[in-house]
Amino acid sequence: MRTTGLMVILPALAIGAARTEAQEWRTLDVSRQLHDTSALQVRITYGAGRMALHPAATPVLYQMQMRYDAERTEPLYDYQLAAHTLRVGIQKHTTTYHGDEKGGDMQLALAKTVPLDMSMELGAVQADIDLSGLTVERLKMDIGASETTIRFDTLNRTRMRALDLNIGAASVRAVRMGNANVRDITAKIGVGSLDLDLGGDWTGEMDLTTEVALGSVTVHVPRDVGVRLEVEKFLASIDTEGMTKRGDTYYSDNWDSAKRRVRIRAHATLGGFELDRSLR
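Each residue of the sequence shown is one higher than the one before, starting from -14 at the first, in this note's numbering.
Note that these hints are calculated values from the structure, not bench results.
Some hints here could point you the wrong way.
Said to hold, decoys possible - In silico lysine-lysine, DSSO-like type, Cα no more than 30 Å apart, as pairs:
1) K125 - K173
2) K218 - K125
3) K244 - K173
4) K218 - K230
5) K230 - K173
6) K230 - K244
7) K173 - K97
8) K125 - K244
9) K173 - K218
Said to hold, decoys possible - So the derived label-pair ranges between C-beta atoms look like this:
10) Q50 - R231: 46 to 56 Å
11) Q65 - D14: 13 to 23 Å
12) R158 - S104: 17 to 27 Å
13) D138 - R208: 18 to 28 Å
14) V45 - R231: 28 to 38 Å
15) Y62 - P40: 14 to 24 Å
16) K230 - A24: 36 to 46 Å
17) D224 - D149: 22 to 32 Å
18) D186 - E9: 45 to 55 Å
19) E190 - D149: 27 to 37 Å
It should be emphasised that the depicted structure is a prediction, and the values quoted were computed from it without experimental measurement.
For each residue, glycine too, the CB sits at the ideal point set by N, CA and C.
Working from the sequences, and respecting the hints, build out all of it.
Spelled out as structure tokens, the structure:
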């Protein structure tokens, strides 16, 4: 009798494990034609997998293709015409992936000429955010444990009101962010890292505030940009090499004569801040 009992129970356990690890892949493909250039609010929530955002090559307001595992996730898609708001991504993620299983994939294209108010919440995501050629009025990103690249390869079509980056345990690379055409950038880093490139065709003045807990931030500034650096640290490493101290503030040698300037406020607790002024 004991032997029979074991023979019945073990197959049941095996079936249960197979069901737990099963994946049911589905696709979602949605788009909307471009009828006018009214401002659009874009809200993205994506917990795990791969994601890419880029300007649309066709006359659409938006176009999204998503591949997702229906056993573990539930796609998010909601467009409100009256409020002109688009919400996309994944709204439920029940379990983690194991072994050689792969996460989902989302591709999102947005109209170039529509003013965009954008916010993103990214989890364990490999994200490529290409904002080149778009009209971004505001950008707020909460980035968890992802590997994310953000880029402005061309000048933003409008003056951005604010750019906020909240980075948890993520590794973020921001390329040619001078082209974001923004006056104020705020970056908060927990245990992750931020590599911030201020290259681009921007003019005038920019304010950058960084707050680092246990992580690190490296800011790359073009050689012709004047730099004013305010430092506040506690058991942290902040590199001020090549800067001249005036009172409690550090200045680059070209601060007084530079046609474009950046004012940096660097706050670090146990993390590190590095300033690289070799960018061309």
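Here is what the structure says about each hint:
Proposed proximity of K125 and K173 is supported: the alpha carbons are some 12 Å apart, at most 30 Å. For the suggested pair K218 and K125, the alpha carbons sit about 25 Å apart, so the restraint of at most 30 Å is met. Distance check on the hinted pair: K244 and K173 sit about 28 Å apart at the alpha-carbon level, within 30 Å; holds. Proximity of K218 to K230 is assessed by CA-CA distance (about 16 Å); at most 30 Å being required, the pair is judged to hold.
A threshold of 30 Å between alpha carbons decides the hint, and for K230 with K173 the separation of about 25 Å falls inside it, so the pair holds. Under the criterion of a C-alpha separation no larger than 30 Å, the hint pairing K230 with K244 is consistent with the structure, at around 21 Å. A distance of roughly 28 Å separates the Cα atoms of K173 and K97; the hinted pair therefore holds under the 30 Å criterion. Under the criterion of a C-alpha separation no larger than 30 Å, the hint pairing K125 with K244 is consistent with the structure, at around 28 Å.
For the hint linking K173 to K218, the alpha-carbon distance of about 14 Å falls within 30 Å, and the restraint holds. At roughly 54 Å, the beta carbons of Q50 and R231 sit within the given window of 46 to 56 Å. At roughly 20 Å, the beta-carbon separation of Q65 and D14 lies within the given 13 to 23 Å, and the hint holds. Take R158 and S104: their Cβ atoms lie about 20 Å apart, and the range 17 to 27 Å holds.
The given range of 18 to 28 Å is respected by D138 and R208, whose C-beta atoms sit roughly 20 Å from each other. Taking 28 to 38 Å as the suggested C-beta distance range, the pair V45 and R231 does not conform, at roughly 52 Å. Evaluation of the 14 to 24 Å hint for Y62 and P40 yields a pass: the beta carbon distance comes to about 20 Å. Remark: the range hint 36 to 46 Å for K230 to A24 is upheld by a beta-carbon distance near 44 Å.
At roughly 24 Å, the beta-carbon separation of D224 and D149 lies within the given 22 to 32 Å, and the hint holds. D186 and E9 have their C-beta atoms about 47 Å apart, which keeps the hinted 45 to 55 Å range intact. Our hint of 27 to 37 Å for E190 and D149 is violated, since their Cβ atoms are close to 19 Å apart.
In terms of the numbered hints stated before, the structure departs from hints 14 and 19, listed from lowest to highest.
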